[in-house]
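Colleague: Starting from the given sequences, assemble the full structure and let the hints guide the process.
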Amino acid sequence: MARRLSGCVRAEDTVSRQGGDEFIVALTGIQNAQAASVIAEKILTVITTPFILEETEIILGVSIGIACYPRDGKDSETLMRNADAAMYVAKQLGRNRYQFYAPEMNMQALDRLTLESDLHRAIERNELFLMYQPQLSLRAGDVLGLEALVRWQNPSRGLVSPGQFIPIAENCGLIVPIGNWVLETACYQHARWVAQGLTTGTIAVNISAHQFQQTNFCERVSDVLSRTGLQPSLLELEVTEGVVMQGVEQVLYKLNALRELGVHLAIDDFGTGYSSLNYLKQFPLHRLKIDQSFTQQLLNDQQSVAITKAIIQMGHSLGLDVLAEGIETHDQAVHLQSLGCDAGQGFLYAKPLSVVDCEEYLRATP
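Per the numbering used here, residue 1 is the first one in the sequence shown, and the count goes up by one each step.
Be careful, since some hints might not be right.
[Stated by the list, open to error] Listed below are the simulated SDA-like cross-link pairs for lysine to any residue, each with C-alpha atoms no more than 25 Å apart in a straight line: (1) Lys351 with Met314; (2) Lys351 with Ser293; (3) Lys351 with Leu128; (4) Lys42 with Gly19; (5) Lys309 with Ser293; (6) Lys281 with Glu249; (7) Lys91 with Phe51; (8) Lys74 with Asn32; (9) Lys351 with Trp193; (10) Lys74 with Glu22; (11) Lys91 with Val150; (12) Lys281 with Val243; (13) Lys351 with Ser338; (14) Lys42 with Pro70; (15) Lys281 with Val248; (16) Lys281 with Trp193; (17) Lys91 with Arg157; (18) Lys42 with Leu27; (19) Lys309 with Asp342.
Treat the hints as calculated values from the structure; they're not laboratory data.
Bear in mind the structure is a predicted one, so any value in this text is a computation, not a measurement.
Modeller: Here you go:
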């Protein structure tokens, strides 16, 4: 990263690491915004160029915020703060973008800081809760499991969408305690439903990269299963392609340890990352989950059809179950079934349900 950034700037410019995955580029003698844009474009092109690490293709994403002296600040502290505010806006707009600072961004940055402060207290104030979305067999129509989805009901803001608070949690380090809370709460609730004799199948829980990378992650999963009394075979942990492709040897060790516990493992949002099939076949997986973006385009985009078909065939060739996310129409379900997809979830079957509504749903399901 340092070499790539240094190669984008002039000898008189400065490149430094702020911390974590943040870098500062100080440009001197820049006369106008267009000159800064040229360098920003160059950085985007260079940083996002794929490279090979341990026989795996790695593609990085980058968001750039730009603050110009003296218009956006007359000291380094103000310039860095405003550049950071612009970078946050660039992130919100999508990966691989740059954004110039504008005064109204300070209000957005302040709102983000307030949201982060509120999030720190959300767990202890019992503001977080789980919703459950059923996963069904496309052929038989029976319930195969539930996916636990975290939600946040803030006293002043109301219902805060995961798209708002999950990125903040990842940036400020709260994603691990939130993830641990989700895992334990989901297992407790599922164990209760099983004890009531309800047909629930598995409970699927999303695991973030930060959570998975914790050295004691496997031990924590084992401890949660012991304390909640949930059978390991009823727990499915979902990780993204990006998680399993970071340090393959260590990932494989953890996945095997989890598999030995009896836990099911799934790759979520499959098709949106850059998995190496050579490594994928080594992982002790149970399921691939097709990203909803492919499901939504299934009826009007031949490329999405081709990718979906390829994922299903590849999954079956590896002995894996394949589930499609985001099914909203009967035609989508029929098409997926014709392609050989095993299972699905989406608004066609049920929206994410509260504990009470989910229990009623399960009782009404044969």
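Colleague: Determine for every hint whether it applies to the structure shown.
Modeller: Hints, one by one, checked against the model:
Between Lys351 and Met314 the CA atoms are separated by roughly 29 Å; this puts the pair beyond 25 Å, and the hint is violated. The suggested pairing of Lys351 with Ser293 holds, with an alpha-carbon distance near 17 Å, which does not exceed 25 Å. Restraint check: the Cα-Cα separation between Lys351 and Leu128 comes to about 18 Å, which is no more than 25 Å; the hinted pair holds. A distance of roughly 22 Å separates the Cα atoms of Lys42 and Gly19; the hinted pair therefore holds under the 25 Å criterion.
Proposed proximity of Lys309 and Ser293 is supported: the alpha carbons are some 14 Å apart, at most 25 Å. Between Lys281 and Glu249, the direct Cα distance comes to roughly 13 Å. Compliance with the 25 Å bound is thereby established for this hinted pair. Between Lys91 and Phe51 the alpha-carbon distance is near 22 Å, which keeps this suggested pair within the 25 Å criterion. Proposed proximity of Lys74 and Asn32 is supported: the alpha carbons are some 16 Å apart, at most 25 Å.
Between Lys351 and Trp193 the CA atoms are separated by roughly 19 Å; this keeps the pair inside 25 Å, and the hint holds. For the hint pairing Lys74 with Glu22, the CA-to-CA distance comes to about 22 Å; that is within 25 Å, so the pair holds. Annotation: proposed proximity of Lys91 to Val150 holds, straight-line Cα distance about 22 Å (limit 25 Å). Taken as a hint, the Lys281 and Val243 pair is honoured in the structure, with Cα atoms around 16 Å apart against an allowance of 25 Å.
Restraint check: the Cα-Cα separation between Lys351 and Ser338 comes to about 24 Å, which is no more than 25 Å; the hinted pair holds. Between Lys42 and Pro70, the direct Cα distance comes to roughly 24 Å. Compliance with the 25 Å bound is thereby established for this hinted pair. Using a Cα cut-off of 25 Å, the hinted pair Lys281 and Val248 holds, with the two alpha carbons roughly 12 Å apart. Restraint check for Lys281 and Trp193: the C-alpha separation of about 34 Å exceeds 25 Å, so the hint is violated.
This hinted pair checks out: Lys91 and Arg157 have alpha carbons roughly 22 Å apart, not beyond 25 Å. A hinted pair counts as satisfied when its Cα atoms are at most 25 Å apart, and Lys42 with Leu27 qualifies at roughly 14 Å. The suggested pairing of Lys309 with Asp342 holds, with an alpha-carbon distance near 12 Å, which does not exceed 25 Å.
Violated hints, listed in ascending order, are 1, 16; each of the other numbered hints is respected by the structure.
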